[in-house]
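Visitor: Listed below, chain by chain, are the residues.
Number of protein chains: 2
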Amino acid sequence: MDNQKNNRIVRITLEQPSLKNNTADADRLKAALKKKICTQNIHIDLKLLRQIPFLLRQWDYKVCCILFKQAYQYILLGIRDINEQKPAAGIAVDLGTTRVVLRLINLSNGQTLGELSFDNPQIEIGPDILARIHYTDIKQGLEHIQEMIINGLNQAVDSLCSSCSLSTGDVYLFSVAGNTAMTHLFMGITPHWMIREPYIPGVNNPGVLKADELGIKASPFARVLIFPNVGSYFGGDLIAGILFSGMNQAEDVSILVDVGTNAEVILGNKDWLIACAGAAGPALESGVARMGMMAGPGVIDTFEIDPDTLEFKFKTIGDIKPKGMCGSGIIDLAAQLFLSGMLDIRGKLVTGKCADRVKEKDGMLYLTAVSGDQTATGLDLTISQADIDSLIRSKAAMYTILRTITLSVGIELRDLKTFYVAGTFGSFIKPGSAISLGMLPDLPLESYKPLGNSSLGGAAMALTKDDCIEDMEKIRDQITYIELNVNQELMNRFSAARFLPHTDLSLFPSVKVWG
Amino acid sequence: MDNQKNNRIVRITLEQPSLKNNTADADRLKAALKKKICTQNIHIDLKLLRQIPFLLRQWDYKVCCILFKQAYQYILLGIRDINEQKPAAGIAVDLGTTRVVLRLINLSNGQTLGELSFDNPQIEIGPDILARIHYTDIKQGLEHIQEMIINGLNQAVDSLCSSCSLSTGDVYLFSVAGNTAMTHLFMGITPHWMIREPYIPGVNNPGVLKADELGIKASPFARVLIFPNVGSYFGGDLIAGILFSGMNQAEDVSILVDVGTNAEVILGNKDWLIACAGAAGPALESGVARMGMMAGPGVIDTFEIDPDTLEFKFKTIGDIKPKGMCGSGIIDLAAQLFLSGMLDIRGKLVTGKCADRVKEKDGMLYLTAVSGDQTATGLDLTISQADIDSLIRSKAAMYTILRTITLSVGIELRDLKTFYVAGTFGSFIKPGSAISLGMLPDLPLESYKPLGNSSLGGAAMALTKDDCIEDMEKIRDQITYIELNVNQELMNRFSAARFLPHTDLSLFPSVKVWG
Chain X
1 MDNQKNNRIV
11 RITLEQPSLK
21 NNTADADRLK
31 AALKKKICTQ
41 NIHIDLKLLR
51 QIPFLLRQWD
61 YKVCCILFKQ
71 AYQYILLGIR
81 DINEQKPAAG
91 IAVDLGTTRV
101 VLRLINLSNG
111 QTLGELSFDN
121 PQIEIGPDIL
131 ARIHYTDIKQ
141 GLEHIQEMII
151 NGLNQAVDSL
161 CSSCSLSTGD
171 VYLFSVAGNT
181 AMTHLFMGIT
191 PHWMIREPYI
201 PGVNNPGVLK
211 ADELGIKASP
221 FARVLIFPNV
231 GSYFGGDLIA
241 GILFSGMNQA
251 EDVSILVDVG
261 TNAEVILGNK
271 DWLIACAGAA
281 GPALESGVAR
291 MGMMAGPGVI
301 DTFEIDPDTL
311 EFKFKTIGDI
321 KPKGMCGSGI
331 IDLAAQLFLS
341 GMLDIRGKLV
351 TGKCADRVKE
361 KDGMLYLTAV
371 SGDQTATGLD
381 LTISQADIDS
391 LIRSKAAMYT
401 ILRTITLSVG
411 IELRDLKTFY
421 VAGTFGSFIK
431 PGSAISLGML
441 PDLPLESYKP
451 LGNSSLGGAA
461 MALTKDDCIE
471 DMEKIRDQIT
481 YIELNVNQEL
491 MNRFSAARFL
501 PHTDLSLFPS
511 VKVWG
Chain A
1 MDNQKNNRIV
11 RITLEQPSLK
21 NNTADADRLK
31 AALKKKICTQ
41 NIHIDLKLLR
51 QIPFLLRQWD
61 YKVCCILFKQ
71 AYQYILLGIR
81 DINEQKPAAG
91 IAVDLGTTRV
101 VLRLINLSNG
111 QTLGELSFDN
121 PQIEIGPDIL
131 ARIHYTDIKQ
141 GLEHIQEMII
151 NGLNQAVDSL
161 CSSCSLSTGD
171 VYLFSVAGNT
181 AMTHLFMGIT
191 PHWMIREPYI
201 PGVNNPGVLK
211 ADELGIKASP
221 FARVLIFPNV
231 GSYFGGDLIA
241 GILFSGMNQA
251 EDVSILVDVG
261 TNAEVILGNK
271 DWLIACAGAA
281 GPALESGVAR
291 MGMMAGPGVI
301 DTFEIDPDTL
311 EFKFKTIGDI
321 KPKGMCGSGI
331 IDLAAQLFLS
341 GMLDIRGKLV
351 TGKCADRVKE
361 KDGMLYLTAV
371 SGDQTATGLD
381 LTISQADIDS
391 LIRSKAAMYT
401 ILRTITLSVG
411 IELRDLKTFY
421 VAGTFGSFIK
431 PGSAISLGML
441 PDLPLESYKP
451 LGNSSLGGAA
461 MALTKDDCIE
471 DMEKIRDQIT
481 YIELNVNQEL
491 MNRFSAARFL
501 PHTDLSLFPS
511 VKVWG
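Listed in order, the protein sequences are those of chains X and A. Under full-length UniProt numbering, the first residue of the first sequence carries the number 1, and numbering increases by one thereafter. Under full-length UniProt numbering, the first residue of the second sequence carries the number 1, and numbering increases by one thereafter.
Note that these hints are calculated values from the structure, not bench results. Do not rely on the hints blindly, as some may be mistaken.
Any copy will do: because identical chains look the same in the list, a pair fits if it lies in one copy or spans two.
[Claimed, not checked] Calculated cross-link-like contacts (lysine to aspartate or glutamate; reagent style EDC-like; alpha-carbon spacing at most 16 Å):
1) 353 / 81
2) 35 / 504
3) 47 / 213
4) 20 / 197
5) 139 / 115
6) 270 / 477
7) 20 / 483
8) 47 / 143
9) 270 / 473
10) 512 / 442
11) 313 / 212
12) 348 / 84
Quick caveat, the model's predicted, so the values are computed rather than measured.
Can you build the whole structure from these sequences, using the hints too?
Guide: Quick look at the structure:
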């Protein structure tokens, strides 16, 4: 998806200066480039301009130029010997509140050279966005919190480059996708008014900055492309996700759901995009996103219940004794309990059907998913009625949001051609199980496309795609951001979605309800 | 000539942020500006971006923006309180090899606020360009010589601003016109290859730089517009002169002659421009440009000889006793000597006619222009036959160049509609006398237009004219630079021009040759 034809790297042999052609060095280079890549304007930083007469002669007027296309001009990011073998690199950054992920890219072909992630060092100030924004109100707070992320990034860039036998001087371009607050802290722009009515950011579209100016160690003329935001609650990470999915270029209407630290939904096609988030977030977060443990060795990610024998089968990551369940395992389990009749349409455990798998303790029912003799810890792995209730609330919230956003533009969920699932959510959800629970709409399974870290994917695409700035600005400008009004209609819809799979079974023709 | 309609200063009252309009601060400002000045792109430096949320609130979203139009975008040079009374200023710089002249301009209306000039501090390295270029070959030489001019400029900017009750922080824009070498030294770009075959500069079109990056003290986001050059021998000072004259926008063909440290001639109209210089320079310089003393109190700038009585009348600057003659006085004197028959058509003093005004000493004839009893010094003011010979060579060279350049495009001198005289030359030459000598073509006197310091004038225009960059680049691209070939044809033309006014009297119908 990210290997577009581009003019990032241009190898060029210039005509030697002569009495017949005495164009200046810099203008000679510009003229040749303009001809080759069909542009009117090429910008060269003063410090690079000063080096050009020496570099051109050193390399006998045969050079490799690294370029970046901004709206109306190309920026010359650097020039090298035409025979230089080391790749000119770019780094895509998913600037997460919790985790920062870097991907090193060969700018000439989009190839991934390496990846690295690190905890956002600002966690020291506070794990959540709010605490960090408040911190900027103290003297030098903004400078300090910016320094933390820049220093962290510099260390990571250094390690990542070393691991690929490159130096930081080989990095000419960065693209950074993050939520609005993280992006502001990264640039040292105050986020103070983002959390105060009417909640406005300092900047929506910062554009292209100099790495040097941000304190980032790279090639001296490197640039940093910052993904724009739509507002305080819809950041560049989502714009990157949309760019990565390609939904903004499709004829058909598709939907993108990203549940990471926040939950966001985007609906649209090449002509329009609507997004909603914010209010829906907390309801979802408490459930889906934080459910279960992190995926890892010994974690159950797949559950199956034989409908006849009611035998429980599971798979762990690494095929070792289970020590817990991750989100996808829990959704699988709940779906299978429902399909086998052990969970009723209200989401309540059917004690008769569950037989000796269910126990009561302090007035709460617990279902034993795996008995202690099979687990790594020797303890039973259980799921409580409260856990299931929470899951049901989450799935109802998710479905309500999906239904509301599609209905707001007069579309039925069944009309969606593609359903992109991004982020942590996308990586663990199994569409089949989620459909059985009525969490996701009853679309053909092939409609579901997991995107993985779509923010990083979009940032990486931007590194090699010539028109990335136009694309991302177009996406930004197209998005209509809607707040979900928590009114009676929405509450009715939510109530109807709290049944398994839904009060209106016609919405889920493929789900065979037990009995 | 320099007060064009422009978008330099835009006063704007923004819509206050609200839940209905929660566009970010910077983007709110940009959107309002884009609407007001009809542009797609506005660039804001990161450091200014960081201040915008605070500044907008400080001034209650009512601000005055200072803008500069680059090819495809406007650059926001600064924002101020809408009620700020002090003018936002720009400084035009005529970056001379010998003298640097500054003009402080009110950017909102083009009004001149003050002027100041100082000796180019690089004179310490060498009075001529060559010595300075060689100096850049020593270690740190380029850095040092650049520092000299930047420090000199900073002091001058400081004084000039103080004298107008402004601070350097009120200066948002500079435009700098100088010859190619001076411009390179100003930017710290090596001029090393300018004086080595094939004589190519480091850059022809440096464009717009940051004042900060050059070490110039001004408003933190100020820009410096550097006039482009055509080559090592045709600099931005001449482009500025063309811009100032407006010849590049006229239907009719006109000519511009600039004799300062060098001599240059430009011919053309809105469709084409040809220029010649270089080889012609030394011949002219030895004569016209360095002739006589600097104009000042007690210097004769006007001479008249009564054709009947042969009485000499003169005028001094300040109407005091004469102490010398400046160039215009000498040209007047020579013209009057010729018209009264005291100088023959070969430019030789006619001893019979001159009577007792002429004396011989060491085989050289001297004519007493003013006798000692009338002068400030008590000494006779004389002109020698050698001085006159030198003047004749100069005038012949000048006419030859003018004739050659016009003939090269098939135009007769008499077809020229406007004849611009710029620089020192333009300020002292009297067209009537110059025509009588055959130095300038026999055009109606009203065709002659003195431009004064056209380099400074053009630089000042650029400060307030929105499309100045397009204009100067267009001029640069239009110029065809021709070398004068010193061939037999040219030598013949030169010989014919050594007569007064010319061998071919039909070229000077208005000149009444004596006798």
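Visitor: Are the hints correct? Go through all of them and say.
Guide: Now the hints, each set against the structure:
1. In this assembly of identical chains, the alpha carbons of residue 353 and residue 81 never lie at most 16 Å apart, being 74 Å within a copy and 75 Å across copies at closest.
2. In this homomeric assembly, residue 35 and residue 504 never come within 16 Å of each other (Cα to Cα): the closest approach is 63 Å inside a single copy and 50 Å across copies.
3. When the C-alpha separation of residue 47 and residue 213 is checked against a cutoff of 16 Å, the pair qualifies both within a copy, at 14 Å, and between copies, at 9 Å.
4. With identical chains, the CA atoms of residue 20 and residue 197 are at most 16 Å apart between copies only, with a shortest distance of 11 Å across copies and 66 Å within one.
5. Neither within a single protomer nor between protomers do residue 139 and residue 115 lie at most 16 Å apart by alpha-carbon distance, with minima of 35 Å and 43 Å respectively.
6. Taking CA atoms no more than 16 Å apart as the test, residue 270 paired with residue 477 passes inside one copy only; the shortest distance there is 12 Å, against 41 Å between copies.
7. Within a single copy, residue 20 and residue 483 get their C-alpha atoms only as close as 66 Å, which misses the 16 Å cut-off; across copies the closest is 12 Å, which meets it.
8. Proximity of residue 47 and residue 143 under a CA criterion of 16 Å is satisfied inter-copy only: 13 Å between copies versus 26 Å inside one chain copy.
9. Only within a single protomer do residue 270 and residue 473 lie at most 16 Å apart by alpha-carbon distance; the minimum there is 13 Å, versus 39 Å between protomers.
10. Proximity of residue 512 and residue 442 under a CA criterion of 16 Å is satisfied intra-copy only: 12 Å inside one chain copy versus 105 Å between copies.
11. When the C-alpha separation of residue 313 and residue 212 is checked against a cutoff of 16 Å, the pair qualifies neither within a copy, at 56 Å, nor between copies, at 69 Å.
12. In this assembly of identical chains, the alpha carbons of residue 348 and residue 84 never lie at most 16 Å apart, being 66 Å within a copy and 70 Å across copies at closest.
In this structure, the earlier hints numbered 1, 2, 5, 11 and 12 are contradicted, and the remaining ones agree with it.
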